[in-house]
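Chemist: Chains as they are written, first to last, in the working numbering: chain H, 1 to 538; chain G, 1001 to 1290.
Treat the hints with care, as some may be off.
Calculated from the model, a selection of chain G residues having no Cβ within reach of chain H, i.e. all distances over 12 Å [claimed, not checked]: (1) 1108; (2) 1146; (3) 1243; (4) 1246; (5) 1254; (6) 1257.
EDC-like cross-link-like pairs, simulated, lysine to aspartate or glutamate; straight-line CA separation at most 20 Å [what the hints assert, rightly or not]: (7) H:413 x G:1279; (8) G:1190 x H:328; (9) H:387 x G:1196; (10) H:413 x G:1048.
Pulled a few chain G residues facing chain H out of the computed Cβ check, cut under 8 Å [to be verified]: (11) 1197; (12) 1200; (13) 1201; (14) 1283.
If you are wondering where the hints come from, they were derived from the structure by calculation, not from laboratory data. Please read all numbers here as calculations on a predicted model, not as lab measurements. We treat Cβ as the ideally placed atom computed from N, Cα and C, and that holds for glycine.
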Amino acid sequence: MLSAANVNLSVFDTPILRNVAFEIGEGEIFGLIGESGSGKSMTAYTIMGLTPVGSKRSGRIVLDGDNLLDKTEAQMCAIRGGSVGMVFQEPMTALNPVKTIGEQVGETAMIHGAMGRREAAALARGTLDRVGLPADRFPLDRYPHELSGGQRQRVVIAMAIALRPRLLIADEPTTALDVTTQAQIIMLLRQLVSEDGMALMLITHDLGVVADIADHIAIMKDGEVVEAGETVSLFRNMTHPYSRALFEASDHVPDRTSSQATGDTPILEVADVVRDYQLPRTSLFAPPAHFRAVDGVSFTIRRGESLGLVGESGCGKSTLTRAILALEQVQGGTISIDGEPISADAEIAHRARRKMQVVFQDPYGSFNPRHRVERLVAEPFHLLSEKPSAGERRARVEAVLANVGLAAADADKYIHEFSGGQRQRVAIARALIIEPELIILDEAVSALDVSIRAQILDLLADLTARLNISYLFIAHDLSVVRAITDRVLVMKAGQIVEEGPTEQIFKAAQHPYTQALIAATPNIDRALAARSKGAAAG
Amino acid sequence: MSEVEVNRAEANEIWRSALRSRSFVIGAVVTVVFVVAALVSFLWTPYDVTELVIADRFKRPSAGHWFGTDQFGRDIFSMVMVGARTSIAVAVVAVGIGVVAGVPLGLAAAAKRDSLLDEVIMRSNDMIFSFPALLIAILITAVFGPGVVNAIIAIGIFNTPVFARLARGAALSLWTRDFLLAARVAGKGKALISLEHILPNITNLLIVQGTIQFSLGILAEAGLSYVGLGAQPPLPSWGRMLAESQTLISIAPHVAIFPGLAIVLTVLGLNLMGDGLRDILDPRLRRARN
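Just need the whole structure built from these sequences, with the hints factored in.
Modeler: See below:
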């Protein structure tokens, strides 16, 4: 139905795509896989005719007999949203916040189908029903901010499929979502494909997602398709070294001698912590409502131990992090580091932070773009009562950069000169420089490509082996936690619902929520085994 | 490399990229021409700007009078030179007042978001904003009498809330970024973070707004002088020259054209320079152009 051959794209003479070729049949799910910068999104934009200014295209992309690359902009407008629909990654920004969901879904129909307002509303209703947003709970006059991330992504999907397109392109449709929501969205996409017989092009960096549902996959690197084929057989016999490296990195387990925890000295003790937020006043006379983000949480981290804290967005794990870092005052319970209680009082917080540092999720947002790396990494020296001299500061920055695998000369660079993975190394260097006892890793590898993620996990394992640092590893992704932690806590709605040694949790989870999380986590081996069995049975 | 060498290397890099930026060079040349003209006017002008030679009135531009003469026979070139002095001084000082008073207020309001301090600062700014600038100027001159200094104060007061709002808005979006959280984890207080992390990241906005306010300042001074509340005769000002020439435009257009051209060119030059400066001072953009 859709076939691409010899597609080349260059933007201002920089080649982006080289000889990209693939075919998607009717009712087929095609997985396009690659890491950031591999050209997978650009391939989608080329199909949609949304290439940036300064692009030169060549080759053929044929949809039902028409070459899309020959179409004028006006003709492409009729095709976009009509016979080709697209779903974007970020459901939070893909919807217009001032329009109702009914208007936004109906809009496509009104533009394309020359439909009246009433018919468009009826179509919007029908489509929202199909994507699992029933009329009684989700009337057409809801606004995007009244919906959760997963519900918004359903609205985005409804917009794309309202006119029953021949081809649906989904660009990382679940990357921004929690695992349980991700599983539901993937199910929904699969169901829509079988109902409508449309083709689905699923773009993702996550091999686990495509292993489950794609009929064919193609793996891209540097603008080229390096390997393509039928899903199960491709996973079974990968030939290209890059696809094999990608496959291995996706469930990489760093080499670590399990549980270096020396004795039972606790480094961080959290006891019955409660964090209440006062919600904004809704009435002048009624007292403002409260929201309990963290509800009676207790745990201990021993010296040299690596503890995982897993939970989906909104479960209170970030609030807990901020409380531990003494950035916010708790309303109940105690947190103590190395035996000393922590509070948001400036003097006490100052002393506590000498013993713990933090690495944040976003490698792009966690540095001041105006400062050089030396100054960025040396920032925690502010916590010391005696600041090192300029020469000593330089020496220590160079030493810590070497520790995280960067060069001494990198100290003179600005942060924009580094890739995402290198930036995360700089972030770890900043956390290490005052030699803390505990490093809190707040989703520290979630934003990284799988191969980079594997390197950072190796680095963390290596650091704890050499320096006997404890980690509090906060993540929504269970597979990462499994690779790097000794014990895991599972958090839901502000409470710890399950805790135990990592392997035990994964093998025999007790709480239904933990079981649901594990079941929803994409797993290549499990998906392939299930499919082979299905094929054998069928 | 030691710190000193790094700083020197950075200074060289800034200087090199400044010379490569066409808008900066053009803007800087135009601005420097007017500043030099203003400075030279203290020492020397072709003619005395207070000397009236009625016989020479309405002379067209010639070798003797480059820009011609006005209705009293004064040399327009000399008047434009002296007028540059007034206009530039008024605009620089007024924008300076706005930045020095407004930016710290805005940063403080952002650091203590939703506190009483924030409310007090922003609501007083709203109060100033709710009066038209000209009204404030008339108010001040009514109390203290017309003159250059009072015009500066009036324009400066009007500039303050502009910078306070800009600084607060930009700082608020920065406060949600992880690197400020990292700075707090590194034990830095809100005042230090505002100075070290927020101020450098909003300078590009401040520079752009500064050049816009600078041009508005020149126009405001011209406007105040036009209604007689700015520079007082016999001190020439571009605004008053325009005001006095408006009835003469059909018989002697050059009397209006030259001061008008001076205003346009200064504003244009400053805007170009501000644009270039913003790009040059941002390490990301500097590298991107190399």
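Chemist: Which earlier hints can't be squared with this structure?
Modeler: Of the numbered hints given earlier, the structure breaks just one, which is hint 10.
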